[in-house]
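Novice: Since chain H is already given, all that's left is putting chain G on it; use the hints.
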Amino acid sequence: MRQPAIVFPTIVFPLVLLAVNAPGLEEATRLPGFPTDSYLDFAIAVCFLQGALFALTTAGTELAHDVETGFLSRLSLTPLRSVALLLGQVAGAVTIGILGTILYITVGLIAGVSVSAGAGGVLVLLALSLLVCLSFAAIGALMGLRTGSGEAVQAAFPLMFVLFFLSSINLPRDLIEVDWFRTIATWNPISYLVEAFRSLIISGWDGGALWRGFAVALGILVLAALGARSALLSRMERT
Amino acid sequence: MSGLLVTARWVALRNLRHAFTNPALLVPSILFPLVFLLAFAGGLSSLQDTPGFDFRSGYTSFQFVFILLQSAAFGGIFTGLGVAADFESKFARRLLLAAPGRGGILLGYVAAGIVRFGFTVAMVTAVGLIAGMEVDGTAPQFAALVALAMVANAAATLYSLGYCLRVQSVAAAPAMQTPIFILLFLAPVYVPLDALDGWIHAVASWNPLTALLEAGRGFISGDPDESGVAFGLAAALVALMAVWAVRGLRRAEAGDV
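Residue numbers (the numbering used here), protein chains in the order written: chain H, 783 to 1021; chain G, -11 to 245.
The hints are simulated quantities; they were obtained by calculation from the structure and are not laboratory data.
Hints are supplied without guarantee of correctness; some may be wrong.
[Unchecked claim] Partial list, derived from the structure: chain H residues whose beta carbon lies under 10 Å from chain G:
{"#": "1", "residue": "GLY806"}
{"#": "2", "residue": "ALA810"}
{"#": "3", "residue": "ALA967"}
{"#": "4", "residue": "TRP969"}
{"#": "5", "residue": "LEU1003"}
Where a beta carbon is used, it is the ideal one built from N, C-alpha and C, also for glycine.
The following block holds chain H by itself, in its conformation from the complex (with noise of 0.2 Å):
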């Protein structure tokens, strides 16, 4: 939060591309069956999983940045606990990707997107976004640990890019004509993310959508943050 020239942008960018893509993609929703009839409602889900992308690269490249700068073999030698020193890293991209989702759902509202579940539909949108925020942070934090390299995480951020765009992010799957796409986008568990936070903003309260996306986010959460907590243990190793 000292450096703003760093956050700022990154909290910024995912509105700037949805203020340019919006009005662009607007023409999706005169296609038979499209969900809603503002394509700004239907994009703005995006701007939560891009704020949590950026979660997963400061909590990475910040402990890479202790692996690299020795900060952590020096941690080693002292009665610190890793699980808390994961915390504390995880905890402050957290921190970040919640006060991004805060700005967008403001954002949001005043550029008139209307949250079809209401103010519990927020509440339950901030607790998934939370959840991503955290489980995106855990992989950062797994990545940035294995590697030990800052430049390694931010290397990551295209791969990232790539899951995102061959997923459910631009129309719903059951529009999507091309059948290798729709079978990428079924299987990547971006889609599901997307269509929970998606689900509250157009749908209201469907269950389906938002299990499947609360399920998959702590899936991810469990298994990066098992990883990342093996990959700490054994920077931390002392020999």
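Specialist: Chain G only, in chain H's frame:
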């Protein structure tokens, strides 16, 4: 004159060797356009069913032209970014002292950018054809599309060089990319200009990249329209950015940063 060309040749060769032997530079320059092509052409092809969408060569060809111009723009930016990296490693200062013709530095980067972009064009075209892209235009029309994208690439490289010669830091990359990114997406990316409504239609109508995009789509569909205007605009962009880059070079020579 020969000093200029000698400098250009060595700068271009150095840049190309660095680009083609460094996977961290090579992979993203190929991967990003391919992902965008697959994501847009595959994921958004239903848009060709919307009322008012009348592009006879299909959605993959429609998106291919945008991806080509986008790759031209970002390829140029990344090529120019090399000069910022050279300043950070202090190599650029030595180059400025040693180069017999300093204008050749700009020329060398532009030439390297065009060769690098040519490689990207080959890859994206191959994948596009595999993905079912239809080219209804003739071979000269397709060549004109590639030539138009290469002129755009030269303009983007010069823009990036001018920027990097002023700030001399790789950290400037996001600030440099953002306006180009916005300009690209304020063109008719997903549907033709006529199908856009509201403020985006007004903005896209005035966006110079729209002319390039529409001319490119005309070439690929074998129905070229206003291609002279597009080439004229692209040439004007190159001239404008050349002035920007040369002034940046003068500032760097004077150590005015």
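Novice: State for each hint whether it applies.
Specialist: Hints and how they fare:
1. GLY806: holds (5 Å)
2. ALA810: This interface hint holds because 6 Å falls under the 10 Å limit.
3. ALA967: Hint holds; ALA967(H) Cβ to chain G Cβ min 7 Å, cut 10 Å.
4. TRP969: violated (14 Å)
5. LEU1003: This hint is violated: LEU1003(H) lies away from chain G, its Cβ roughly 26 Å from the closest one there, beyond 10 Å.
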